[in-house]
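Q: Sequence:
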Amino acid sequence: MTRELKVVVLLGGRSSEREISLLTGEEVYKALLQKGYRAAKVDLDENVVENLRREAPDAVFIALHGKYGEDGAVQGMLEVLGIPYTGSGILASALCLNKLFSKRIFLNEGIPTPSFALVREDEWEENEGQARSRIAKTFSLPVVVKPIAQGSSVGVSIVQEEKDLAGALEVAFSYDEGALVEEYVDGREIQCGVLGNENPIALPLVEIVSQKQFFDYEAKYTPGLAEEITPAPLSPEESRAGQEMGLRAYKSLGCAGLARVDMFLSPDRGFLVSEINTIPGLTKDSLFPKEAKAAGIEFPQLISRIVELALERRARAKN
Numbered sequence: 001m002t003r004e005l006k007v008v009v010l011l012g013g014r015s016s017e018r019e020i021s022l023l024t025g026e027e028v029y030k031a032l033l034q035k036g037y038r039a040a041k042v043d044l045d046e047n048v049v050e051n052l053r054r055e056a057p058d059a060v061f062i063a064l065h066g067k068y069g070e071d072g073a074v075q076g077m078l079e080v081l082g083i084p085y086t087g088s089g090i091l092a093s094a095l096c097l098n099k100l101f102s103k104r105i106f107l108n109e110g111i112p113t114p115s116f117a118l119v120r121e122d123e124w125e126e127n128e129g130q131a132r133s134r135i136a137k138t139f140s141l142p143v144v145v146k147p148i149a150q151g152s153s154v155g156v157s158i159v160q161e162e163k164d165l166a167g168a169l170e171v172a173f174s175y176d177e178g179a180l181v182e183e184y185v186d187g188r189e190i191q192c193g194v195l196g197n198e199n200p201i202a203l204p205l206v207e208i209v210s211q212k213q214f215f216d217y218e219a220k221y222t223p224g225l226a227e228e229i230t231p232a233p234l235s236p237e238e239s240r241a242g243q244e245m246g247l248r249a250y251k252s253l254g255c256a257g258l259a260r261v262d263m264f265l266s267p268d269r270g271f272l273v274s275e276i277n278t279i280p281g282l283t284k285d286s287l288f289p290k291e292a293k294a295a296g297i298e299f300p301q302l303i304s305r306i307v308e309l310a311l312e313r314r315a316r317a318k319n
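Position 2 (the sequence shown) corresponds to 2 in the numbering used here; numbering is contiguous.
Do not take every clue at face value.
Said to hold, decoys possible - List of simulated lysine-lysine pairs, BS3-like, C-alpha gap at most 27 Å:
1. LYS6 - LYS293
2. LYS290 - LYS41
3. LYS6 - LYS318
4. LYS41 - LYS284
To be verified - Computed spacing ranges between beta-carbons, pair by pair:
5. GLU126 - PRO233: 41 to 51 Å
6. ARG314 - GLU50: 21 to 31 Å
7. GLY254 - LEU118: 38 to 48 Å
8. GLU198 - PRO233: 30 to 40 Å
9. LEU91 - ALA136: 49 to 59 Å
10. GLU161 - GLU46: 39 to 49 Å
11. GLU109 - ARG14: 39 to 49 Å
I should point out that these hints are in silico values taken from the structure, not numbers from a laboratory.
Virtual Cβ for every residue (Gly too), placed ideally from N, Cα, C.
Modelling step: build the complete structure from the supplied sequences, incorporating the hints.
A: Pasting the structure below:
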């Protein structure tokens, strides 16, 4: 494939993960230049359509995180503009960011996932007592409370005592109109990177050993708060099972290009899929590139392959 292609890196945006997006976008931009692409950076603002038309790229590398980047909105805009883009399409992006919908699909497909319950903000405000009773009947403490549609563990809390439930829900409601209350799984945190379209491959697994109770936003982006072991210290059988589970989850939601599947490994229940991140961080220190490197794929090569997958998907869609 010719390296004279022009790729625009779409970065920034308005989500709570803007700063992470800027870091990812800068690393991607430098890798594209290193691989010989003509590259440019465009921020996701009110002038984005005009700027994209001016740049006239052969493809867009989406380096956005969270809402307005991973929820299908930008993907829809690029479909209308007729520009190939990296990663999953509109529907898969929306499903993966919405934890409620993705978990319902996991259950329908027989993919193990931590048990959960939806709590809507209006329900909580109108009848807090009834909502508390429903949660108490469903779960034992601790529980995890998270917004329905945020990434990077934004707005996620672990509730150890019943008195802290309201505060955790208020944090989640500040991001979304609904929250998921989820069982706390006492297991190892495992992540599986997946790369590809119709015939994806699972990258070597990584284990997260956090100094905090779980791998939250602070642990992800504060040096020294978490150890990331790649490849994960698992038996060959466990590694294969984890990769197979990652591929099942990826395919169940119709993902394309790349994604990171977050899982728990429970001693008595095996692998449970928590969620899928369709645009994982892509700095050189991020987990997905580390998994790729463990598979023999260096960072610039990884970025180039992601672009190639975007162009391949568009070419097949035209046929």
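Q: Taking 27 Å as the top limit, are the C-alpha atoms of LYS41 and LYS284 close enough?
A: 18 Å, holds
Q: Is the hinted range of 39 to 49 Å satisfied by the C-beta distance from GLU161 to GLU46?
A: Roughly 45 Å apart at Cβ, these two residues keep to the hinted range, so it holds.
Q: In this structure, is the beta-carbon distance linking GLU126 and PRO233 contained in 41 to 51 Å?
A: 48 Å, holds
Q: For GLU198 and PRO233, compare the CB-CB distance with the range 30 to 40 Å and indicate the outcome.
A: 32 Å, holds
Q: Does the Cβ distance between GLU109 and ARG14 fall inside 39 to 49 Å?
A: 33 Å, violated
Q: Does the beta carbon distance between GLY254 and LEU118 stay inside 38 to 48 Å, or does it fall outside?
A: 23 Å, violated
Q: Is the straight-line distance between the alpha-carbon of LYS6 and that of LYS293 27 Å or less?
A: 25 Å, holds
Q: For LYS6 and LYS318, compute the direct alpha-carbon distance and say whether it is at most 27 Å.
A: Holds. LYS6 to LYS318 sits at ~20 Å (cutoff 27 Å).
Q: Can the suggested window of 49 to 59 Å be confirmed for the beta-carbon pair LEU91 and ALA136?
A: Check failed, 35 Å falls outside 49 to 59 Å.
Q: Quickly compare the C-alpha distance for LYS290 and LYS41 to 27 Å and report which way the hint goes.
A: Cα-Cα ~24 Å, so holds.
Q: Given a hinted range of 21 to 31 Å, is it respected by the beta-carbon distance of ARG314 and GLU50?
A: Taking Cβ atoms as reference, ARG314 and GLU50 lie about 22 Å apart, which means the hint holds.
Hint compliance for this structure: hints 7, 9, 11 are broken, all remaining hints hold.
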